[in-house]
Each structure stands twice: as C-alpha cells, then as structure tokens.
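Going by the numbering used here, the sequence shown wraps up at 230, each residue one higher than the last.
I should point out that these hints are in silico values taken from the structure, not numbers from a laboratory. Be a bit skeptical, because a hint or two may be false.
BS3-like, lysine-lysine: derived pairs with alpha carbons at most 30 Å apart [as the list claims (entries may be wrong)]:
1. LYS191 x LYS224
2. LYS209 x LYS195
3. LYS209 x LYS160
4. LYS160 x LYS189
5. LYS209 x LYS189
6. LYS227 x LYS137
7. LYS227 x LYS209
8. LYS227 x LYS195
9. LYS209 x LYS191
10. LYS191 x LYS160
11. LYS137 x LYS209
12. LYS160 x LYS227
13. LYS189 x LYS227
14. LYS209 x LYS224
15. LYS189 x LYS224
16. LYS224 x LYS160
17. LYS160 x LYS195
18. LYS137 x LYS189
19. LYS191 x LYS227
20. LYS224 x LYS137
21. LYS195 x LYS224
Estimated spans, in silico, between C-beta atoms of each pair [what the hints assert, rightly or not]:
22. ARG172 x ARG144: 15 to 23 Å
23. SER62 x ILE219: 51 to 59 Å
24. LEU61 x THR142: 43 to 51 Å
25. ALA181 x ASN83: 53 to 61 Å
26. VAL77 x GLU173: 47 to 55 Å
27. HIS222 x ALA159: 55 to 63 Å
28. ALA125 x SER190: 41 to 49 Å
29. ASP134 x ARG81: 54 to 62 Å
30. THR142 x VAL228: 51 to 59 Å
31. ARG139 x TRP82: 12 to 20 Å
Positions of the beta carbon are idealized from the N, C-alpha and C atoms, including for glycine.
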Amino acid sequence: MIRSTLTLSGTILLSFFAGFLSHVLYQRWNPAADVTPGQIENQQITFAADGEPAVHRVSFVPITPMAEVDPADLPLVLARDVEKIRALTGRQARIRGRVFRVGHSAKSNTYFLNFGPSREALTAVIFASVTELFEKSKLPPKHFENRDVELTGFVKDDPQYGLEVILEHPKQIKVAD
C-alpha cells in the first residue's frame, strides 16, 4: 500500500514538473508582444490582469473582389461532362443538367443538388447561411429535384466530396424548362 502511494505521488510530481517545464519553454519560445497601454491610441486591445496585452495572432488575407462576369460569356458545359467540368476547376462556369436528387443534412441544414447517383457527378451546394435567401426567393432547394437547371458559379474539385459548385445566391441557378 505504501509502495503504491509513493508510486502515485511520484507520478503526480513527475507530471507537475513536466507541465511546468512545458510552460516555461512555451513562454521562452513564444514571447509576448511588446505593447504597452501608452502606445495604443484608439485601438481596442484586451489586457490581462497583470497588465500584459492579450496576444491573439491572426493572419488576414483580404479577398479581392471578383469582376462581375455576364453568365452568357461563360462556357456552357453539360453536367454529365465531368471531365470538362474538372478542367474548369477554379474558374467560373455555366453548367446545365438534370438534378438527380436533392440531399439534405439536418445537422448542418445544408442542401446538396446531386447531378448523378455517385460522388463522381457534380454537386451544387447550398449552405445554411443562404437557404433562407433561396426560400424567400420562392426557390426552396427541394424545388430543383428532377428538374433541368442551369447554374453559374466557381467549380471546386474537393478531394473528399468531388466536383462542387457553391451556390451563394438564387441568381446563380434557374430552372431551364
């Protein structure tokens, strides 16, 4: 019993020193920014209780606005031409085809307009953040199931999900009857 208590105490002590050493090394390798309250004017910086600024490293890359492109000027590709769509990855395209199925993720409230039965086919994605916009425009995502549509957007070849076009506005899709 005494031996197990000593072993447990030794383990706790060893864990404490390992954590303390990690903390000391972290503080040494990641020094705080040299900012004092007197140097800051008209900026909101949070200070910790010890007077040191709370440092949150953030990298920011502004998104350059894309030039508005007339959809008529974009190449028209059929949704079943997967290789032609894949060749347009990273560019805007106009794609026409029949929506095979509209999937819905209840967890994320995301809609998936599948243009074929497998992951090899194109999928148009409507995220929850714009679903309400589609519904207000009287274009609920389920409305597109088994219909011929024409959509415009940037083609993305996701390694996990395959070919996608993210629909951010109802203007990007129309029923082509």
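We went through each hint and held it up to the structure:
1. This hinted pair checks out: LYS191 and LYS224 have alpha carbons roughly 12 Å apart, not beyond 30 Å.
2. Our distance criterion of 30 Å between C-alpha atoms is met by LYS209 and LYS195, whose separation comes to about 22 Å.
3. A hinted pair counts as satisfied when its Cα atoms are at most 30 Å apart, and LYS209 with LYS160 qualifies at roughly 23 Å.
4. Restraint check for LYS160 and LYS189: the C-alpha separation of about 22 Å stays at or below 30 Å, so the hint holds.
5. Distance restraint check for LYS209 and LYS189: the Cα-Cα separation of roughly 27 Å lies within the 30 Å cut-off, and the hinted pair is therefore satisfied.
6. For a cut-off of 30 Å, the pair hint linking LYS227 to LYS137 stands: about 21 Å separates their Cα positions.
7. With a C-alpha separation of about 20 Å, the suggested pair LYS227 and LYS209 falls inside the 30 Å cut-off, and the hint holds.
8. Between LYS227 and LYS195 the CA atoms are separated by roughly 13 Å; this keeps the pair inside 30 Å, and the hint holds.
9. For the hint linking LYS209 to LYS191, the alpha-carbon distance of about 27 Å falls within 30 Å, and the restraint holds.
10. Proposed proximity of LYS191 and LYS160 is supported: the alpha carbons are some 23 Å apart, at most 30 Å.
11. For a cut-off of 30 Å, the pair hint linking LYS137 to LYS209 stands: about 13 Å separates their Cα positions.
12. Note on LYS160 and LYS227: the hinted pairing holds, with a Cα-Cα distance of about 27 Å set against a maximum of 30 Å.
13. For the hint linking LYS189 to LYS227, the alpha-carbon distance of about 15 Å falls within 30 Å, and the restraint holds.
14. For the given pair, LYS209 sits about 19 Å from LYS224 by alpha-carbon distance, which is consistent with the 30 Å threshold.
15. Between LYS189 and LYS224, the direct Cα distance comes to roughly 12 Å. Compliance with the 30 Å bound is thereby established for this hinted pair.
16. Taking the CA atoms of LYS224 and LYS160, the gap is about 26 Å. The hint holds against a cut of 30 Å.
17. Under the criterion of a C-alpha separation no larger than 30 Å, the hint pairing LYS160 with LYS195 is consistent with the structure, at around 17 Å.
18. About 33 Å separates the Cα atoms of LYS137 and LYS189, which puts this hinted pair outside 30 Å; it is violated.
19. Using a Cα cut-off of 30 Å, the hinted pair LYS191 and LYS227 holds, with the two alpha carbons roughly 12 Å apart.
20. In summary, the hint linking LYS224 to LYS137 is supported, as the alpha carbons are separated by about 23 Å, within the 30 Å threshold.
21. With a CA separation close to 16 Å, the supplied pair LYS195 and LYS224 stays within the 30 Å bound.
22. In this structure the hint that ARG172 and ARG144 lie 15 to 23 Å apart at CB holds, the actual value being about 21 Å.
23. The hinted window of 51 to 59 Å between SER62 and ILE219 holds, with their beta carbons roughly 57 Å apart.
24. At roughly 58 Å, the beta-carbon separation of LEU61 and THR142 lies outside the given 43 to 51 Å, and the hint is violated.
25. For ALA181 and ASN83, the Cβ-Cβ distance of about 36 Å falls outside the hinted range of 53 to 61 Å, so the restraint is violated.
26. Judged by the Cβ atoms, the range 47 to 55 Å given for VAL77 and GLU173 holds: they are separated by roughly 53 Å.
27. At about 23 Å, the beta-carbon gap between HIS222 and ALA159 misses the expected band of 55 to 63 Å.
28. The supplied range of 41 to 49 Å is broken by ALA125 and SER190, whose beta-carbon atoms lie about 21 Å from each other.
29. For the pair ASP134 and ARG81, the beta carbons lie near 58 Å from each other, so the given range of 54 to 62 Å is met.
30. For THR142 and VAL228, the hinted distance range of 51 to 59 Å is not satisfied, since their beta carbons lie about 26 Å from each other.
31. For the pair ARG139 and TRP82, the beta carbons lie near 44 Å from each other, so the given range of 12 to 20 Å is not met.
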